[in-house]
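Once you have looked at the hints, place chain B on chain A.
2 protein chains.
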Amino acid sequence: MTEEISYPEYSTHYPLLLKNCFMRPLSLYPDEIGVVYRNDAGKYFRFTWRQWHERTCRLAHALKSLGVNPGKPGQPGDRIATMSLNHHWHLETIYATTCTGAVSHPINIRLSLDHMAYTITHSEDKILFFDDAILPLVEALYDRVKTTVQKFIYVSDKPGKPKTRIEPLYEYEELLKEQPPTFDWPDFNEDTYSVLYYTTGTTGLPKGALFTHRQLFLQTLYTTGNRFLLPTLPNDPPNPNTLAVLINVPLFHIHAWQAPFAYVYMASKIVFPGRFTPENFCELVQTEKVNATSMVPTMLAMLIEYPDFHKYDLSSLITVGTGGAALPLGLKAKAEKIFPQFTVGSGYGMTETLAGVIGATIKRNMVDWPKEQLDQVRVKTGLANPAAIDAKVIGEDGKPVPHDNETIGEIVLRGHWIMEKYFKDPERTTTAWRDGWFHTGDAAKVDQDGYIIIVDRITDVIRSGAEMVPTVLLENLTCNADFVLEATYVGVPDEKWGERPMCLARCLPNSGKTEKDLLKYLETAGVETGKLAKWMLPDYIVFCDEIPKTSVGKYDKIAIRKRIDEFVSRAEKVGKM
Amino acid sequence: MTEEISYPEYSTHYPLLLKNCFMRPLSLYPDEIGVVYRNDAGKYFRFTWRQWHERTCRLAHALKSLGVNPGKPGQPGDRIATMSLNHHWHLETIYATTCTGAVSHPINIRLSLDHMAYTITHSEDKILFFDDAILPLVEALYDRVKTTVQKFIYVSDKPGKPKTRIEPLYEYEELLKEQPPTFDWPDFNEDTYSVLYYTTGTTGLPKGALFTHRQLFLQTLYTTGNRFLLPTLPNDPPNPNTLAVLINVPLFHIHAWQAPFAYVYMASKIVFPGRFTPENFCELVQTEKVNATSMVPTMLAMLIEYPDFHKYDLSSLITVGTGGAALPLGLKAKAEKIFPQFTVGSGYGMTETLAGVIGATIKRNMVDWPKEQLDQVRVKTGLANPAAIDAKVIGEDGKPVPHDNETIGEIVLRGHWIMEKYFKDPERTTTAWRDGWFHTGDAAKVDQDGYIIIVDRITDVIRSGAEMVPTVLLENLTCNADFVLEATYVGVPDEKWGERPMCLARCLPNSGKTEKDLLKYLETAGVETGKLAKWMLPDYIVFCDEIPKTSVGKYDKIAIRKRIDEFVSRAEKVGKM
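Protein chains in written order, with our numbering: chain A, 1 to 577; chain B, 578 to 1154.
The shape of chain A in the complex, shown without the other chains (with noise of 0.2 angstroms):
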C-alpha cells in the first residue's frame, strides 16, 4: 500500500492569515490608489496597492534585520509597539509585523503616562514606533521604558534625526532604502497572535488583550458579507465600486473598529487624516471624494460646531457610522440637519471583543417603515451577529432576562473574536470568562424583537430605591432639547433612595437657557409624553463647558464620580424627591 502523502496545510487547514487581507486588492487592483494621507501642513501622500504593499515588504524585512522573532500559537511573537496617528506608516508597521508573525501593539496615546509605561513594560516592546509629532511624550516615557524597548524607529515626513537622547534610534524612511521591495509572506498556524490591545484601564491596571490572525481575519470575512446581506432601503443611493473611506478613529483604539483590515480586504481607498480635526475631515472628504467614514459622537459634535462645514462640498459622503458611545438622538437630528444623506448606524463592542460584535441591523422586513421609525431602530445596541457571536442577557441569577424591554442584566458573550485571555493576567481571565461566557460589565435590556439596549456599564448603573434609571434614555431625551449638545447622567449617593441622579449638560453657547428650563423640557418632553416616571427625572443639573471624557471619547464616569461634591455644589438642585 502506498504511503499516503496529503496536504492538509494546504487544504483543510489552510490558514485564515491577515496576509490574505492585502492579496485581495494587490491581485486585483494593483495599480489603483488605495491609501491616502494629508499631513498637519495639508501635504498629501498617495500610493497604489502595489507601491504601499512594497512599502510594507521593505518594512518586513528591515523588521526581519531589526531581530524580530515570529511566535507560534501559545507563544506571542516579539511585541511591536506603535505610537502613531492614523497614516500609511502606521499600517504598514501593523501589516509588517503581524504577517511576519509578530505583534502589533497599538499604544493608546490619550492613556496618562503611568498607564503607557506601564503597557510598555507589561508588553515588553521590543520596538517602538513613534510620530515625530509624539517625541516629547517618548522623551517623557524614555527612562521608563529604555531598559524594556530595545530600539526607537522615528516615523517622519522630513529627512534627518531629532536632537534627543532617545537611543538607538533608526529612521523609518532610512530602514526602507536598504530593503528589498518584495518579501515571501511566511504561512504559519492561524492561532499564532497579531495584536495586543490594552483596555483603557477606567477600573484599575490597563488589560492587554490579545488576538490570533484567525480571529482578526474571520471578523473581516463576516464584516464583508454583512455588508452585503444588510437589506437595500428605498432610497438608498447605490453603493460605490470603489468605496473611499476615511479612518477617523485612531488606528490604537480598538484597530479603529477593524478598518485596517476590512477595508484593505475590500480594496477600499483608506484616507487617513493624521489626526481628527473637523478641518482635516472636510478637506479629505471634499478632495478624496469620501463615501464613508466613522467616528466616535464627540467627533460628531465637534464637527457640527465647525464654523467653516458650509464651504466645503461634502456630498460624496453616504455613510456615517458612530460608535464608541451611545448616540443621543439629538446629537443625530442635529447632523441630519446639516449633512446630506446623512445615514447612520450603531454598534456595540469593547477592546475584549473588538468592535461591532452586536449591530444595529434593520431587518428586510422593515424596509418600508418610515424614516422616524427606522431611526429608532438604528440607534438600538442591536443584534449579535447570528453565526459568528452568541450574546445574551442575562441576570444575577445567570438566566436569560425577558424580552420586555424593562428588565436590566448584563452582556455576555461568545464567537469568533472573542478574546481568549488577557496576557499574563489569568486572575482578570478567570473573572471575565466564567461558565463559558466572557462577561462585558455592561448593562443592557432587551426588547420584543430581541433587539439589545445598552443601558450603562454595570458599575455605572444608577440606583435609586429599588429602581434602575433609564441613563441612557434620559442622555437620549435630554440631547433632543434643541440647546443641549451632549449630556451625561451619574449618581449622586442619597440617604433616602440610596443615589439620585444628576445630569451634566453641555449647551450650544449663548443658548441663554437654566437648568430649570432643561428640567422643564425634561418633564414636558419625557413625562407628560410618558416616557419617563417622575421618579426618573435628576435632582440635580449642572451645565459645564466641558464633560469629564476618557482616552477614547467616552464620558468618564469614574472621573465625575470623584469629583461629585464640586458638581453637587455647582448644580442647581431642581429635583422633587
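Mixed in with the good hints, there may be bad ones.
Stated by the list, open to error - Listed next, with one range per pair, are the computed distances between beta-carbon atoms: (1) 510(A) to 582(B): 50 to 60 angstroms; (2) 283(A) to 582(B): 45 to 55 angstroms; (3) 893(B) to 27(A): 30 to 40 angstroms; (4) 150(A) to 809(B): 48 to 58 angstroms; (5) 158(A) to 976(B): 43 to 53 angstroms; (6) 886(B) to 366(A): 35 to 45 angstroms; (7) 396(A) to 809(B): 45 to 55 angstroms.
What the hints assert, rightly or not - Restricting the straight-line Cα-Cα distance to at most 20 angstroms, the calculated cross-link-like pairs of lysine to any residue (SDA-like) are: (8) 424(A) to 584(B); (9) 940(B) to 30(A); (10) 363(A) to 804(B); (11) 392(A) to 979(B); (12) 392(A) to 600(B); (13) 289(A) to 603(B); (14) 289(A) to 804(B); (15) 940(B) to 29(A); (16) 363(A) to 627(B); (17) 363(A) to 603(B); (18) 957(B) to 29(A); (19) 735(B) to 851(B); (20) 392(A) to 763(B); (21) 424(A) to 585(B); (22) 969(B) to 26(A); (23) 866(B) to 231(A); (24) 649(B) to 30(A).
Keep in mind the hints are simulated off the structure, nothing from the lab.
Just so you know, even glycine gets a beta-carbon here, dropped at the ideal spot from N, CA and C.
Chain B alone, transformed into the frame defined by chain A:
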C-alpha cells in the same frame, strides 16, 4: 497564583460549523417562507424557516434514534446516503446529518448501477434515504448493497409504504411524527467531516472526496462576501432584499454548487423543482418570482427549445449562472434573445475543489466597457479568489506558464476548500497532491490580464503535430453558428499528425444545413477573422441527434472516443490536412 480558566472553544477556536448557516435565517427571519418545493404533479410545499428548522430538528432526533454516530477529526461519522432529487426532504437530510456530526453522502443517481453500488459499498453507507420515484433503481441495487446499508428511509409526499422487498424500510414522515421539534445542535471540532461526494468516474472507479465543516462553512462565508465585492454595472438591476433562488443543479452534483449552504446562510428563499424540466422551471420562476438560478449549459439549451416558453412571465429573473461545462458564446447569444435581463457568469470547479474556485470576475475598472467586451470576460474561466484559493497554471517543468494567452499548462490549486484526501484511497490522493498542489488534470492558458482560460481535460487535449488544438475556442465558434445548438471536439488518431480534430454537432431541427455549411462557417468566422489558424479546422464533422454526455451533463469524451470508429464512419470528411 490563580489557575487560569479560559474557553478557547468559545473564542479562538469557536468552530466553523454548518449549523451556523441556518442560525442566520432562524434568528432574523423565522416566519418568512424559506423553502419551497413543487412536485411533478404541480403541488406546492412551502415552509417558513422556523417550520423547516423544526422538521430538521425532528429528523436529527430520528437519526439519533436510528443509531447514527458522529465522527471526529480524521475519523468520519456514519455515512448517510441520499438518492434524491431537489426538494426540502433532501435539504433537511443534509443538514440533520452533517449538523449532528455524521457524513452526508448524496449519491449521483445518473451513474451506472455498477458505480452506484460501488460508491455505496465503498462509502459503507449505514442509512440510505431514497425518493419514491427512485424505488426501481434502489430495488435494482438492493442485492448488492443490503449487507452494507442497515436501514432504508422512504421519502414520499404520499402516506404509506410501497410494496417492495427492501427492508428494514422506514417512512420519512412517520419518523418525524414521533420526534420533538427542537434539537440542541452540538458544538464539535470544525475539522469533523461533513460531506462525501464521489467523482463521476470517467477515469476509472469513482473517487470519494471528503470535506470538513470548516471547509464548507468558509466557502459559504467567502461566497457571501464576494457577492458584495462584485462591482455594480451601470445598468444592473438592484439586488432584491429577499433573493428567491431556484436550484436546478442536482444536490448530488458538488452540492448544487454549494447552494444549500450559501443560500440558507443568506436567508434567501430556496425554490426546489424536484428535477429540472423546462415546464417546472418556468412555472416556479413565475409563481415564486425567482430572481436567480444556475444551470449547466444543457439545461439552458433545453429551455431555449421549450415551445411554451413565451407563455410565462419570467421577468423576475435577474441572474442566470452557468457552469459544469464551458458556456459556448453561441448558446449565450441565443439565451439573451429570449430572456429579459439575461446576464451570465462562468465558473470552474470539480468534485475535489467544490464549484466556483475560479470565477469569471468582472473587475471594477471594466464597468464602463461595452457589453460585448464584458461578455468576453464573462465567458473566460476566470480568476481564483485571491484570499481563499491559490491557483497556478503550470507547464511540464512545474513552472507557471507565461501570461501570453497561448501556452497551455495544467491548473493546480490549493486553498481552504480543496479536498485534502480521497476517502480510503491513499494512492490516488498521492497522485493528485504533489509538491503541495492539487493537480486538477485540466488544461488551461493564462491571458495578459491573468485570467485563466480552460482548454480541456489534460487527457482530452487534441495534439496535432507539436501543437495543441484549442478545443474550447473551436466549440465556442461552432456554437456561434445560428443553426448549431451544441458542439464538441475530439481527436481522431492520424498517422501523420498523431491526432486530428473531429467536430460533433447537434443542430436546430430542420435547419437544412450540411456539414459542409458548418466548415464554410468556420472558415469565414474563424480563419478569415484571424481567430483560427487553418490547421485547427476539423478534418471530420458529424451531425448527431445527441452528443454523449456524462451523468453531470458534460460531453463524455471517453464515451465518444470509445465509439470513435462509428463516428468517423458517419462523419463528413471535410479536412484538407
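Taking the hints in turn, this is what the structure says about them:
| no. | hint | verdict |
| --- | --- | --- |
| 1 | 510(A) to 582(B): 50 to 60 angstroms | 56 angstroms, holds |
| 2 | 283(A) to 582(B): 45 to 55 angstroms | 50 angstroms, holds |
| 3 | 893(B) to 27(A): 30 to 40 angstroms | 35 angstroms, holds |
| 4 | 150(A) to 809(B): 48 to 58 angstroms | 50 angstroms, holds |
| 5 | 158(A) to 976(B): 43 to 53 angstroms | 45 angstroms, holds |
| 6 | 886(B) to 366(A): 35 to 45 angstroms | 37 angstroms, holds |
| 7 | 396(A) to 809(B): 45 to 55 angstroms | 50 angstroms, holds |
| 8 | 424(A) to 584(B) | 16 angstroms, holds |
| 9 | 940(B) to 30(A) | 12 angstroms, holds |
| 10 | 363(A) to 804(B) | 19 angstroms, holds |
| 11 | 392(A) to 979(B) | 55 angstroms, violated |
| 12 | 392(A) to 600(B) | 15 angstroms, holds |
| 13 | 289(A) to 603(B) | 39 angstroms, violated |
| 14 | 289(A) to 804(B) | 24 angstroms, violated |
| 15 | 940(B) to 29(A) | 8 angstroms, holds |
| 16 | 363(A) to 627(B) | 17 angstroms, holds |
| 17 | 363(A) to 603(B) | 13 angstroms, holds |
| 18 | 957(B) to 29(A) | 19 angstroms, holds |
| 19 | 735(B) to 851(B) | 15 angstroms, holds |
| 20 | 392(A) to 763(B) | 18 angstroms, holds |
| 21 | 424(A) to 585(B) | 16 angstroms, holds |
| 22 | 969(B) to 26(A) | 16 angstroms, holds |
| 23 | 866(B) to 231(A) | 18 angstroms, holds |
| 24 | 649(B) to 30(A) | 42 angstroms, violated |
Violated hints, in rising order: 11, 13, 14, 24; the structure is consistent with all others.
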